[in-house]
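K.L.:
Residues per chain, in single letters:
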Amino acid sequence: METLSFRLSAPTRAGGTRMQAIVGVVASGNLEVLLERAAPADSCMIDITTAAHGFGAVWDAVVRDFVARRPAGGLRISINDGGARPDTVALRLAQGVRKIEEPER
Amino acid sequence: MSDWGMQKAALAERLAAGQRHASGKIVPIPSLPAFLNAVIRSGDRVCLEGDNQKQADILASALADLDPAEISDLHMVQSGVVLPSHLDIFEKGIARRLDFSYSGPQSARIARMLFGGKIELGAVHTYLELFARYFIDLTPHVALIAAVSADKDGNLYTGPNTEDTPTVVEATSYKNGLVVAQVTEIVDKVPRVDIPGDLVHFVVEAGRPFYVEPLFTRDPAAITETQILTAMLAIKGIYAPYGVRRLNHGIGFNTAAIELLLPTYGEKLGLKGKVCTHFALNPHPTMIPAIEAGWVEQIHCFGSEVGMEDYVAARPDVFFTGPDGSLRSNRAFCQTAGLYACDMFIGSTLQIDLEGHSSTVTTSRIAGFGGAPNMGSDPRGRRHPSEPWLKAGAEAAPDSDAALRRGRKLVVQIGETFGERNAPLFVERLDALELASALKLDLAPVMVYADDVTHIVTEEGIANLLMCRDKDEREQAIRGVAGYTDIGRARDPKLVEKLRARGVIRRPEDLGIDPLDADRRLLAARSIKDLMLASGGLYRPPSRFRNW
Chain A
1 METLSFRLSA PTRAGGTRMQ AIVGVVASGN LEVLLERAAP ADSCMIDITT
51 AAHGFGAVWD AVVRDFVARR PAGGLRISIN DGGARPDTVA LRLAQGVRKI
101 EEPER
Chain B
1 MSDWGMQKAA LAERLAAGQR HASGKIVPIP SLPAFLNAVI RSGDRVCLEG
51 DNQKQADILA SALADLDPAE ISDLHMVQSG VVLPSHLDIF EKGIARRLDF
101 SYSGPQSARI ARMLFGGKIE LGAVHTYLEL FARYFIDLTP HVALIAAVSA
151 DKDGNLYTGP NTEDTPTVVE ATSYKNGLVV AQVTEIVDKV PRVDIPGDLV
201 HFVVEAGRPF YVEPLFTRDP AAITETQILT AMLAIKGIYA PYGVRRLNHG
251 IGFNTAAIEL LLPTYGEKLG LKGKVCTHFA LNPHPTMIPA IEAGWVEQIH
301 CFGSEVGMED YVAARPDVFF TGPDGSLRSN RAFCQTAGLY ACDMFIGSTL
351 QIDLEGHSST VTTSRIAGFG GAPNMGSDPR GRRHPSEPWL KAGAEAAPDS
401 DAALRRGRKL VVQIGETFGE RNAPLFVERL DALELASALK LDLAPVMVYA
451 DDVTHIVTEE GIANLLMCRD KDEREQAIRG VAGYTDIGRA RDPKLVEKLR
501 ARGVIRRPED LGIDPLDADR RLLAARSIKD LMLASGGLYR PPSRFRNW
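Chains A and B supply the protein sequences, listed in that same order.
The first sequence begins at 1 in the numbering used here and counts up one residue at a time.
The second sequence begins at 1 in the numbering used here and counts up one residue at a time.
Source of the hints: derived by calculation from the structure; they are not laboratory data.
Keep in mind that a hint or two might mislead.
[Unchecked claim] Each computed SDA-like pair below joins lysine to any residue, with the alpha-carbon atoms no more than 25 Å apart:
#1 K189(B) x E205(B)
#2 K494(B) x A57(A)
#3 K99(A) x R507(B)
#4 K498(B) x A61(A)
#5 K92(B) x N37(B)
#6 K494(B) x D65(A)
#7 K391(B) x G243(B)
#8 K498(B) x R70(A)
#9 K391(B) x T277(B)
#10 K99(A) x R526(B)
Using the sequences and the accompanying hints, generate a full structural model.
P.N.:
Structure follows, in structure tokens:
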């Protein structure tokens, strides 16, 4: 297991009122993403536990693009990764934001 | 005075030698070893029929059981090196030289044997060029072929898997070579005559069907969201704007996703009747929903696909079928159709370099080419116009005189930026180059050459290489869709944005596609069982694909 942590300034705050959302599953080639509204509105904290070693530079690129492109401000995101490909990671992160922004019923 | 009948005389000798082990044209199975020993001569060029689908497996085993002290130095000229026995023939020293096309399941062993000097390699071909050489300089002395049934005169019924047989028999029999067929059974009257009996010299009743590999079956359950996204990009960003009606799909999950999105996403885009109406394609099970929804006018097939026989027979308006009702496939004709009468090839690959060369070779495996390089190349001899062909030609050379401008076939490579075991699709240097230097090959085994590729599709977007004006633009266009691979992260962001502004690179958002819409619910079938149900029970999936 390798752990990585990112503290990034986020240009856009995540909308909606839900306090948390979870997407994905921990499986080979997949990942589980827990999003909590537990960071300052202008920043995004991402903690990663991954089964794949040595991909720090790729994670760095993926999470920076994510925070630049999606409204991630105010979120603390925990990722439990089973060696997912970067495209899957980016997709799950986007799905996670969509879910936490969903109106509450 | 020359003797112009030496080959006829040699054939007569073989026939006489074989006749001692046969009754009429029929060779009983127990006599097969002695029979082969009698009709094959050391040094013969032998075509052992087998490609990526059907296999003359009984004859292959019998050939591998010959005594190398009696028969050796054979030169095998065959489409596929697929069965273990195909390589046992070399291991035992019965054969020495090999010209072939495809070696999928034996790709690791064939590489080891080439390194070990057990095989003297002529060349790795595409199917069509190996067939071509059967008629020029690699004409077989003996062809060992496979059919479904035969009558006592040697008329053969090849059923849905006709594939290479007519080509192999034509080259061999009309040039005084010997043709031996294995058949499942001898019958009084064959359902249809696929190969006329006067071209077939001997028949072996195997008592069981020849082996067929279900190579073109993709389980929809394994299709990922990213593959669905690439399929959406291809449909909206390439099929629609070029109006691609005549095409070939390669094997793989990305193209399977495209097939399953036609009746859903394609329908929503209003593309029915405007794209994907005519195919050079095997009967892919994943085509069933699109066929059932009325998308497809016709499909010509290289071969059949295990389990699709009844479905195909029940859809004669779409497929080419014989008077007996079953599919008539023909690899040589279908490859020609794919080369000259299709406007697009789209398929997956394992590695793409910065120029756009692509290869499915890894350093320890030689899988051969099969038909992909033939499908995935621009036929310079083409002369008939079509809308996609002319549009692609215009994009490549907008300033040239339209009446003198060649069109271009669309050759599209589609894939995720990272493949199996997180291997990057984009590389600085193809593994094929290492292999070529290790084996001292004149040519690196490149599946699709850079100058034939027109588009690369990944989850990050579409790179239109036709619109790149120099080497630098081309490299940045490729880097620009290479995602988080080392190649992608080393892009020049400013140039990539310029290319995007010109439409050379198109992102999902540029095409109005939200990656979050790439959902498995878009697939017209989400499992093999769904495919079976969509076929009204006519598709009978092989047991390995059944999980219910």
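K.L.:
Please flag the earlier hints that this structure goes against, numbers listed from lowest up.
P.N.:
none
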